[in-house]
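Residues per chain are reported as follows:
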Amino acid sequence: MNRRAWVLLSGLGALLVALPAFADSYVLSVATLILYLAFTGQAWNVMMGFAGQLSLGHALYVGVGAYVAGGLFFHYGLGPWAGLWIAMLACVAIGAVIGFLAFRFGISGVYFALLTIAFAEFTRIGFDHLRWTGGPGGMFLKVAQRDQIDLAHFRGPPEMYYYAILAICAGALALCAALLRSRAGYYWRAIREDEEAARALGIDTFRWKMAAVMISAAMTSVAGVFYAFYYNNLFPEQVFHISKSIEIILGPIIGGVGTLFGPVVGAALLTLLGDGLTELLAAFDWEVPGVKQVFYGLVLLVVVIFVPNGLWPPLARKLGLRR
Amino acid sequence: MSWDLVANVIIAGVLTGLVYGLMALGLSVIFGVVRVVNFAHGEMMAVAMYAAVLLFDRWGLDPFLAMVPVAAAFFALGYLLQAGLINPFITRPEHSQFMLLVAVAIIVVNALLIAFGPDARSVQTGYQLESFAAGKLLFDAARVYAAGAAVAAAALLFAFFRFTLTGKAVRACADNYLGAKVVGLNVKHLYALTFGLGAACVAVAGCALSVLLEVTPALGPGYTLLAFVIVIVGGLGSMSGALVGGVLIGASEALAGLLITPSAKSMFSFGLLILVLLLRPQGLLGRRT
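Chain order of the listed sequences is W and P. 1013 is the number of the first residue of the first sequence in our numbering; add one for each residue after it. 615 is the number of the first residue of the second sequence in our numbering; add one for each residue after it.
FYI, nobody ran anything at the bench for these hints, they're computed from the structure. Possibly wrong hints are sitting among the right ones.
[Claimed, not checked] The list that follows gives simulated cross-link-like pairs (lysine to any residue, SDA-like), each with its CA atoms no further than 20 Å apart:
{"hint": "1", "chain 1": "P", "residue 1": "K750", "chain 2": "P", "residue 2": "A832"}
{"hint": "2", "chain 1": "P", "residue 1": "K879", "chain 2": "W", "residue 2": "I1317"}
{"hint": "3", "chain 1": "P", "residue 1": "K879", "chain 2": "W", "residue 2": "D1140"}
{"hint": "4", "chain 1": "P", "residue 1": "K879", "chain 2": "W", "residue 2": "H1141"}
{"hint": "5", "chain 1": "W", "residue 1": "K1304", "chain 2": "P", "residue 2": "F730"}
{"hint": "6", "chain 1": "W", "residue 1": "K1330", "chain 2": "W", "residue 2": "P1320"}
{"hint": "7", "chain 1": "P", "residue 1": "K879", "chain 2": "P", "residue 2": "A832"}
{"hint": "8", "chain 1": "W", "residue 1": "K1304", "chain 2": "P", "residue 2": "K802"}
{"hint": "9", "chain 1": "W", "residue 1": "K1304", "chain 2": "P", "residue 2": "G731"}
{"hint": "10", "chain 1": "P", "residue 1": "K879", "chain 2": "P", "residue 2": "A865"}
{"hint": "11", "chain 1": "P", "residue 1": "K879", "chain 2": "W", "residue 2": "K1304"}
{"hint": "12", "chain 1": "P", "residue 1": "K879", "chain 2": "W", "residue 2": "G1147"}
{"hint": "13", "chain 1": "P", "residue 1": "K795", "chain 2": "P", "residue 2": "N701"}
{"hint": "14", "chain 1": "P", "residue 1": "K802", "chain 2": "W", "residue 2": "I1317"}
{"hint": "15", "chain 1": "P", "residue 1": "K879", "chain 2": "W", "residue 2": "H1253"}
{"hint": "16", "chain 1": "P", "residue 1": "K782", "chain 2": "P", "residue 2": "M853"}
Bound-form chain W, shown alone (with noise of 0.2 Å):
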């Protein structure tokens, strides 16, 4: 990164910790949903923008860790601080099983990405079957006073929510940022690039893929548990959804496969036009269902079709952030 690149990303750090002191709560709420999209995007860039591995259920580690630091609250009343650390333990053994699995049988490819949908569909349909979390039905967390802040319990103001979130973005941006320049960053493209290749100059591909499996679910589930205590309610059939899964990887496609900023760039893109097309059309009273989904498809083929790399590398050059 050079100099300009640091004043660029200080500014824009200053103007979203300021935010809140300036936006209505309809802003801090679109805020806080393209910080946590680029989040999930960021945590899905690791395994496959970094290490090349295609998941297309990581539904399925915002499911289990929602479920798990909900469930605990729910029935426990433990707050998500400890609730935190068992949820992202169970998502990073079940990512652990799943890697093992699928590396040690040798399977890549459009083969791994159907695997990690079974996956998430066969937890999906288990969740709606397993009474503990209420099944189909849903499970409702106590709802948050909006005037008062229990850190402890994490309930509070939407202000207190956004906060959280762009913390833990920032963290995620500084964890990639040192992934990428540790020797597993290296590794990881090696194995992305040619993984005979990698694995002829000696590199342990397994152990990396592995690695990168784990680290990009424990991430993961650190959004199901902000998602479980920001919306409250927790239905299998929404947050184990296939849909679930693209939403989360719309997101750095558009803005651009293992760049570090393409996640956040390409949420804040998707997000902003979402919610633009919405209110457009609120003001055409021409609010049928799916419009907004179809105009997703439209940015997303347009994107793919014409540029394949995404949107933060040409944006980056012209920025002058890069040569």
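Fit chain P to the known structure of chain W by using the hints.
Relative to chain W, chain P alone:
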């Protein structure tokens, strides 16, 4: 639980499974030749079902007759989709192809939602309540016709690949892309042709299924997943594998619905998918590459 109940459930499952098998056959043929996984497969199926419902509503055309025009239209659409959108993507990375087809799928599902609304639509014909009996065994007439149409369409496709020169050329493309180009085959045209044929399979399966089930826009993603399960179990790229996989999944889902609970039946299929992927990734009838 009596044995004839179980037998009747299995019969219904096998007959429906043949229709699913034809749908999956389309996916398998496309993957086997073009090497692109059609993530919009189930969505195309939903479009075919709506086409059958519309033709029935407007002109009272029986879905089994509607198959012919719908399949022809789907062949043309599939050809154009491959020639226009997918052909430039065949050398791109897998996730790029995947996103392209996901984009198509998202557009199709929601266009259906805008056009027809979320409510279920169906076809009412006289034979939907009839059934053939053989002793205590019952064969629903609609299911028998649907399965028969599926088998006939699959047989036509087999014959095309086996006995025609064009079919042979398509198989040559599938076996060796570079070799096919070297001997002067128009690979892009053959790819588009294959996608068109895969789409026509979906059209026939969709029309047949419209007699058995109600259609909603939300059906699409579920059928895409079902088609994946079937082709992986049968062997991705294997033609007979798709039909066998369809029958197997149809029967086992019907049985799981009877013995465990109907809402858990797909869990069974996904479990089977995971097992097959791990233990025999080339599928039951697939060849190891």
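Comparing the hints with the structure gives:
no., hint, in the structure
1, P:K750 <-> P:A832, "violated, 36 Å"
2, P:K879 <-> W:I1317, "violated, 38 Å"
3, P:K879 <-> W:D1140, "holds, 12 Å"
4, P:K879 <-> W:H1141, "holds, 12 Å"
5, W:K1304 <-> P:F730, "holds, 16 Å"
6, W:K1330 <-> W:P1320, "holds, 17 Å"
7, P:K879 <-> P:A832, "holds, 18 Å"
8, W:K1304 <-> P:K802, "violated, 34 Å"
9, W:K1304 <-> P:G731, "holds, 15 Å"
10, P:K879 <-> P:A865, "holds, 11 Å"
11, P:K879 <-> W:K1304, "violated, 32 Å"
12, P:K879 <-> W:G1147, "holds, 16 Å"
13, P:K795 <-> P:N701, "holds, 15 Å"
14, P:K802 <-> W:I1317, "holds, 18 Å"
15, P:K879 <-> W:H1253, "holds, 17 Å"
16, P:K782 <-> P:M853, "holds, 14 Å"
Hint compliance for this structure: hints 1, 2, 8, 11 are not met, and every other hint is.
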